[in-house]
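Peer 1: In order, the protein sequence lines correspond to chains A and B. All residue numbers for the first sequence refer to numbering that gives the first Met the number 0, where the first residue is 0 and numbers rise by one. All residue numbers for the second sequence refer to numbering that gives the first Met the number 0, where the first residue is 0 and numbers rise by one.
Simulated from the structure, these hints should not be mistaken for laboratory data. One or more hints might be untrue.
[To be verified] If you anchor each label on the Cβ, the simulated ranges turn out as follows:
hint, chain 1, residue 1, chain 2, residue 2, range
1, A, H185, B, H145, 35 to 41 angstroms
2, B, E19, A, H185, 28 to 34 angstroms
3, B, V72, A, P248, 38 to 44 angstroms
4, B, G57, A, H185, 38 to 44 angstroms
5, B, C82, A, A202, 34 to 40 angstroms
6, A, A197, B, T207, 44 to 50 angstroms
7, B, C82, A, V154, 43 to 49 angstroms
8, A, V200, B, E19, 41 to 47 angstroms
[Unchecked claim] Covered by chain B, according to a simulated footprint, are these stretches of chain A (three or more residues, beta-carbon under 8 angstroms):
hint, stretch
9, 43-55
10, 102-109
11, 180-193
Virtual Cβ for every residue (Gly too), placed ideally from N, Cα, C.
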Amino acid sequence: MVRARAESRINQARVPRWERLGTDARRVLQLALAAIWLLDGLLQYQWFMYTEAFGQMIGGTAAENPGVIARPIRWNAALVEHHLVLPNTVFASIQLLLGLGIAYRPTVRVALAASIAWSLGVWWFGEGLGGVLSGSASPVSGGPGVAILYGLLAVLLWPAARPGMTGGEPGWISWLERYAATVLAHQGLAASIVLAAALIVIAVGVFLPPPLARSALILALVVAAFIWAFGEAFGQILAGGATDPNSAPLLALLALAYWPRATTGDNDGRAQVKFA
Amino acid sequence: MSIPAWILAIFAAVMLLAAEVSAGQLVVARAWTRDGGADIAVYQLLMGIAMAGILLPGLSILPNAVWEVVFAVMTAWFVWRLCRGRGAAAVAHGQCAPHLVRSAAILYVFAALAGPSAAGSGMSMSGPGGMSGMAGGSSGGVPTLHAPTLALIFALLMVAFTVHDLDRRADVDGYFHVAGHRFMPGESTLAAATAGPVTPRQPAHAYTVKRLLVSPAVVKGFRVATGLTMAFILITMI
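Throw the hints in and build the complete structure from the sequences for me.
Peer 2: Structure below.
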């Protein structure tokens, strides 16, 4: 028994540091982001993307944008239309590599940094800045663009300088962090799937009738609270040195902004839901 | 215009390589001598060949109906393994469930292919200039699958398993049961168990090949490549 423990310790010591790190809430979110990038890359390989329609779809996002924004979009659309295979294959492969890079711990920083640059590029050249400058951006129609959210997520999920976030905090917060790490230590896949399912429910929920939308938003608040407590250690406010409470309270506020305020009748007598 | 044939050929080549590695694990590393190793190595070998045949029809060696039977048997085998005494533990540690899901996914692909060629031999994914291996009829010359929602669910599971495999240490859950083998400092338990004791009479190159075939990097690479290729097939046939 003693020998087995000693061998285990020796074995652990030989494992690279990045491999010894557990799966905390931040890592689970990174893996969810990696899965979405992988899905994006695979979707980009579909046959439709190898047709001229894809280039036309990109070109359509230039409409009503200022000239300085629209010209590069049209140039990109023309490039894709005239060279169908190579650009799209490159696009798909880059997204595939971003997903693989984020999922593979030694390359997570490089991949997250690259994903920020790539998402900004896609936001401009592929989504026309999400319609922000053309006045057509709406949360219902996907505004301010999907790609910018990838970049935002990459910033939010940037690996912490330390493996955990428990330094200098009160004991009960440290205990919460350790407990969450222990629970998730070998449940990375299950946790990722549960979190992804919850986020999908939340995303879809705002488009549902008010009672269901409220339920989805309550779920969003619960998820934000969970992330804030177990993933962000309450923004490390109590550890000193924090300049803000981290992202979870903002995500909760964002969720509340979608709260269906009231149902009123418009001029045609139809019911109309107003958001807060 | 459809998916270029050379992209499908790249994926097919990766799958053939994976099949070769599995065959090597079976023969060189004598997987059948390891508890729980032979069935998975055989399954991976069949998986690699079948998926290469899906992508390129010229590589298809069996009629679709035969593949359906093969993977139905494999799926049933993994279900049985899960239901055995240590099934719950296997599920908890993710040892058998991914193989079961992958096996069920490829069974679904063979069973759910639409198009007139589905009953014939070779795969049904090729349209004119499209997925060279896939002959079937749909938009863009690429075939579609029946019950596409199921295809999406399987694809999402494949992506999830791929991300999970990339994130975890490769030798935590190896293909070979490592109990009863002595620990070799500086090496993964998987490689140590599979390589076994080194005797002076054992040729050095054989030892190296063995270690390479069952090294954590190769094991992890195989899983990632297989999962990604299966997800590719499912997504592009939705």
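Peer 1: Could you tell me which of the hints above the structure violates, numbers in ascending order?
Peer 2: 3
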